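Undergrad: If you're matching them up, the sequences are chains A and B in order. Reminder that position 182 of the first sequence reads as 182 in the UniProt record's numbering, one-by-one numbering, no gaps. Reminder that position 151 of the second sequence reads as 151 in the UniProt record's numbering, one-by-one numbering, no gaps.
Everything labelled a hint here was simulated from the structure, so no lab data went into it. None of the values given here were measured: they were computed from a predicted structure. Treat the hints with caution; some may be incorrect.
No distinction is drawn between identical chains; accordingly, a pair holds when it is met within one copy or between any pair of copies.
Said to hold, decoys possible - In silico DSBU-like cross-links for lysine-lysine, where the CA-CA straight-line distance does not exceed 35 Å:
#	residue 1	residue 2
1	118	134
2	33	199
3	188	150
4	118	164
There are 2 protein chains.
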Amino acid sequence: MELQFRLRQLFFFFFLLTVLEQSYSARILTISKPDRHDVAASARWLVSQNIWGVLSTLSIEHQGAPFGNVVSFSDGLPGKGSGIPYFYLTSLDPTTRNALKDARASFAVSESPIGTCKRDPMDPTCSKLTLTGKLVPLDEGSEEEEVAKKALFTKHPEMMDWPKGHDFRVFKLEIIDIFLINWYGGAKSITVDEYLRSKSIKVSSFNLISELSKR
Amino acid sequence: MELQFRLRQLFFFFFLLTVLEQSYSARILTISKPDRHDVAASARWLVSQNIWGVLSTLSIEHQGAPFGNVVSFSDGLPGKGSGIPYFYLTSLDPTTRNALKDARASFAVSESPIGTCKRDPMDPTCSKLTLTGKLVPLDEGSEEEEVAKKALFTKHPEMMDWPKGHDFRVFKLEIIDIFLINWYGGAKSITVDEYLRSKSIKVSSFNLISELSKR
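Construct the complete structure from the given sequences, taking the supplied hints into account.
TA: Take a look at the structure:
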């Protein structure tokens, strides 16, 4: 009887642990990993499933040295990503000031935070993606800014409460080049067009999407 | 009785889940998060507890645009970090070629993968660190290369099996500047000297360290 009681105690402990791990403020839909041969879908999956990455710009403060900065992002509503990463950046942050002077930037994400890597984060089977392009602010009040804000605030509800006085603005990365490693054999060749047109992401829960889309 | 059986089944499921999550190939010691007022210790903690980050260089291929790349790293044996990030890079990778042409680089890590963030990855309470400096190869056969290899291979045992023909070499980031956000109020001021001298990391398991150090 005591053993059963202990087992139950342990069960509740693990249950609590799992619930706590899931109850993160940012909302994301779990979409299964695409076939590795579909390289465009693999790249889009990394962007749709991650909620943060590292955005690199050319540092004003350090005479043009590269400056990587951890940032949250979103490419669309959960399960409805466009592949274009949108950011909510303040001019108090060096990345924003760098980008407004020289828009050249890159954005890197790893499969590691998604939780599907079985090996070392640098093993080629643990996918990684770097999008190179131009980091540009969206016109305030524009239709795209509206869409981007919805994309950002759905995955990052806390952003809605960020201080109004901190001059937050929506930026996007206009993608010029795609660097993807998702298996052995070096970087995979994907054009920006193939990446943006990729539709092969399979969503595992349609109910959750429709629920989230209503917000 | 059936309920008990189901409970047990569920318990084993969560147990398995937890074990799988922990049985990662890379080895790291859990060290508790330092007091936020000790900014140097906070920065050192982020470096000692993470096993991967984004290393940014100036792209040859994209005419000097910043290129962030997901990489594994180590700053020392578990619990005995030096604060200096070491990398094991191949010349097949653009980051290596970029660095050998222009050593200017930065390395960014987030608190997010450590699992201690309670809010959005971009909330200032979820710490982030960018080390700016020069990415230089270590002399082959040097004492520092020996130390760095031990540091890398202990946290990333898979590296020992990476293809010999891929020209892997040990690099380090010679730190020039430290950008840390670990609370509200903008980036914290830390000198490189304060960062390197910080000893205030409290290790939670001495047995595990001594066990790992023996390897």
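Undergrad: Quick one: which hint numbers does this structure break? Sort them smallest to largest.
TA: none
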